[in-house]
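Turn these sequences into a full structure, and let the hints steer you where they fit.
Protein chains in written order, with our numbering: chain A, 1 to 327; chain Z, 1001 to 1242.
In case anyone wonders, no lab produced these hints; they're calculated from the structure.
Any given hint could turn out to be false.
[As the list claims (entries may be wrong)] Here are the simulated DMTMM-like cross-link-like pairs (lysine to aspartate or glutamate), alpha carbons at most 25 Å apart as the crow flies:
1) Lys173/A x Asp187/A
2) Lys237/A x Glu1021/Z
3) Lys160/A x Glu1212/Z
4) Lys112/A x Asp84/A
5) Lys1084/Z x Asp305/A
6) Lys237/A x Glu300/A
7) Lys1226/Z x Glu1101/Z
8) Lys160/A x Asp1210/Z
9) Lys1174/Z x Glu139/A
10) Lys210/A x Glu1021/Z
11) Lys1084/Z x Asp306/A
12) Lys1174/Z x Asp225/A
13) Lys1174/Z x Glu1139/Z
14) Lys1058/Z x Asp222/A
15) Lys1135/Z x Glu1120/Z
16) Lys1135/Z x Asp1034/Z
17) Lys1035/Z x Asp241/A
18) Lys1058/Z x Asp305/A
19) Lys168/A x Glu1021/Z
20) Lys1058/Z x Glu319/A
21) Lys1084/Z x Glu301/A
22) Lys1058/Z x Glu64/A
23) Lys160/A x Asp222/A
24) Lys20/A x Glu139/A
25) Lys210/A x Asp1034/Z
26) Lys210/A x Glu319/A
27) Lys219/A x Asp241/A
28) Lys237/A x Asp1034/Z
29) Lys112/A x Glu102/A
30) Lys1124/Z x Glu1114/Z
[Unchecked claim] Pair ranges (Cβ atoms, derived):
31) Gln1173/Z x Gln162/A: 15 to 25 Å
32) Lys1226/Z x Ala175/A: 28 to 38 Å
33) Lys1124/Z x Gln162/A: 41 to 51 Å
34) Ala316/A x Lys1226/Z: 53 to 63 Å
All values derive from a computational prediction rather than experimental measurement.
Glycine is no exception: its CB is placed at the ideal position from the N, C-alpha and C atoms.
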Amino acid sequence: MSTNQSSLASQSNQANSGFKVQQPGLLTLIQDAGRLGHHRIGLTTGGPLDSQAFKWANRLLGNELNATALEVSIGGLVLTAEVDTWIVLTGAEMPLKINGQEQDRWHAHPVKAGDQIEVGFSALGARGYLAVAGGFQVEHSFSSSATVTREGIGGLNGEKLQQGDYLKCAAVKPAQTFRLPEAYRPDYSDQITLRVITGYQQHAFSDYQKRVFFSSEYKVTDRADRMGYRLEGPEVKPSIDGILSEGICHGAIQIPADGQPIVLLNDRQTIGGYPKIGSMISLDTARMAQLLPGSRVSFEEITIDDAHNLHCLAHAHFERIQPEAIS
Amino acid sequence: MATKKTSSQIDQSAEAGLRIEVAGENALIIYFGDKTSPEVSARVQQAVTILQEELGDKLIDMVPSYASLLVIYNLMLVDHLEVKNRIRPLLASLGNAASAEGQLVTLPAYYSTESGPDLEGLAKRAELSVEEVIKLHSETEYRVYAIGFAPGFAYLGEVDTRIAAPRLSTPRQKVPRGAVAIADRQTAVYPAVSPGGWNLIGLCPTRMFDPEAEPTMPVQVGDRIKFNPIDRDEFLALGGEL
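So this is what it looks like as structure tokens:
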């Protein structure tokens, strides 16, 4: 796999079709919807932290919703096109420039071979999604292209994008491309309420401790990454120190001995032994992952039935919105 | 499996420590007990097989561990009530089934101070000779209780209480691939170079995780493991690196 990828990089003048990475940015990762079904050998899911913005990026190009795109954290990505195709940038407010000309986000744009594409640093939000018509062509590893750097799996050699990498893709003329009207674009404000289903070891947290958790404000610390977001605020103490290691689902909120919650995300370890008060719904982990350190959050308790309803509603909403066709 | 279970049978299993809790928006966790034991682990294994059959496409993934099973389902195809209703009667029947025996896998291990920097310290602490530590570690048959922490990291248990040892107070930045290690009553072989705080007592030349190999791992949860002591030359001949 690794030899294959490096030879791609060195043969970029050989009938290649794709994008050359001029500047990789702070943290740019190749992602599809994630690696599912491999927890039993210890592989985590990976995939886009903001699954909503990721889905929209693919949909605005008429791609499969699982097509491989780039997750750009914070910004700073510069690519050169070596193919005629279409691109779109969704997610955080990172200025998009094509040949120095600022372009609308959440809006598909044609690019030609030789064009320079810049994704600048974010004014609001933390994750941008750059998709290309037909998706980037990246070899699958365990049925997914998702990069998990901690495991060294997925993407190109299991690493974040490097200067000189080559992102292969076919020249595609999409049947139809789209822009998302402003009214439907998300607002990445930095003071939000996140919905949590209590579960796991919730019985080890007294009513008082739960009240502290659900009525206090927490700050996103600078130890917030793809494994988990560490929050800081009033201590929450379970009546037990540790548990037999057990499976950790996406969004699980574990409380280690210091009483400070950690929300576990896409690159989490698959098992662990800290008590957990419950789990955040995926719609809200997506919003939280757009927050930068210093942002403030609070939690709201919802039932599992509410969570199911919200999930189905969000799905119906996504299906119902008709983006504007670009002629 | 399709036979209807009476409520008394379900209650019996509840008394046996069976509990289903919500884990997340599309995940339930089944607790089979509060302690590690080969019997509980065998029930976790049986549940994996049975639930896989029962839920099929509705299932996204499962994470078996010491005494629990995390069940992740597709929220667009099924909800928590249906999953609970389907799995409850199946779980109630587990107790009566024969205990599942995993395959026996032998892993070669080059135990030495050269390959295991904590071997002497652990022996001293246990007031045993290095040879006795090796004997105790390699004569016990272990069970794979869980896989996690990193791809291919298998938690094996349980080591003889005489050689159980707490994690290092300062974890190493770099534990070599193949390191045979002890933490409390658990033992493991590091599948890749990684940071780690376990006590290193030797090196195993068998790859515990190889993305190119089929199967990717030589062991799975529920398997039985024995370590076979080998010398330096055998270790090198088997592809081991020092």
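So, going through the hints one by one against the coordinates:
1. Lys173/A x Asp187/A: Not OK: lysine 173/A and aspartate 187/A at ~31 Å, beyond 25 Å, violated.
2. Lys237/A x Glu1021/Z: 20 Å, holds
3. Lys160/A x Glu1212/Z: At roughly 21 Å apart (the allowed maximum being 25 Å), glutamate 1212/Z and lysine 160/A satisfy the hint.
4. Lys112/A x Asp84/A: With Cα atoms ~4 Å apart, lysine 112/A and aspartate 84/A stay inside 25 Å; holds.
5. Lys1084/Z x Asp305/A: 13 Å, holds
6. Lys237/A x Glu300/A: Judged against 25 Å, a Cα distance of about 18 Å means the pair holds.
7. Lys1226/Z x Glu1101/Z: Judged against 25 Å, a Cα distance of about 14 Å means the pair holds.
8. Lys160/A x Asp1210/Z: 21 Å, holds
9. Lys1174/Z x Glu139/A: Violated, at roughly 29 Å.
10. Lys210/A x Glu1021/Z: 17 Å, holds
11. Lys1084/Z x Asp306/A: Between lysine 1084/Z and aspartate 306/A the Cα gap is close to 17 Å, so the pair holds against 25 Å.
12. Lys1174/Z x Asp225/A: 22 Å, holds
13. Lys1174/Z x Glu1139/Z: The hint is violated at about 28 Å.
14. Lys1058/Z x Asp222/A: This hinted pair is violated, its Cα atoms lying about 37 Å apart.
15. Lys1135/Z x Glu1120/Z: The given pair, whose Cα atoms are some 14 Å apart, holds under the 25 Å limit.
16. Lys1135/Z x Asp1034/Z: Distance of about 30 Å is beyond 25 Å: violated.
17. Lys1035/Z x Asp241/A: Within the cut-off at roughly 15 Å; holds.
18. Lys1058/Z x Asp305/A: 18 Å, holds
19. Lys168/A x Glu1021/Z: 45 Å, violated
20. Lys1058/Z x Glu319/A: Given pair lysine 1058/Z, glutamate 319/A holds - Cα atoms ~21 Å apart, limit 25 Å.
21. Lys1084/Z x Glu301/A: 22 Å, holds
22. Lys1058/Z x Glu64/A: 21 Å, holds
23. Lys160/A x Asp222/A: Judged against 25 Å, a Cα distance of about 20 Å means the pair holds.
24. Lys20/A x Glu139/A: Satisfied, since the Cα-Cα distance of roughly 17 Å is no more than 25 Å.
25. Lys210/A x Asp1034/Z: Between lysine 210/A and aspartate 1034/Z the Cα gap is close to 23 Å, so the pair holds against 25 Å.
26. Lys210/A x Glu319/A: Violated, because 36 Å separates the two Cα atoms, which is more than 25 Å.
27. Lys219/A x Asp241/A: This hinted pair holds, its Cα atoms lying about 23 Å apart.
28. Lys237/A x Asp1034/Z: 21 Å, holds
29. Lys112/A x Glu102/A: Holds, at about 16 Å.
30. Lys1124/Z x Glu1114/Z: Given that 25 Å is the threshold and the Cα spacing comes to 16 Å, the pair holds.
31. Gln1173/Z x Gln162/A: 15 to 25 Å: 23 Å, holds
32. Lys1226/Z x Ala175/A: 28 to 38 Å: 60 Å, violated
33. Lys1124/Z x Gln162/A: 41 to 51 Å: 46 Å, holds
34. Ala316/A x Lys1226/Z: 53 to 63 Å: Given about 55 Å between the Cβ atoms, the range holds.
In summary, the numbered hints that this structure violates are 1, 9, 13, 14, 16, 19, 26, 32.
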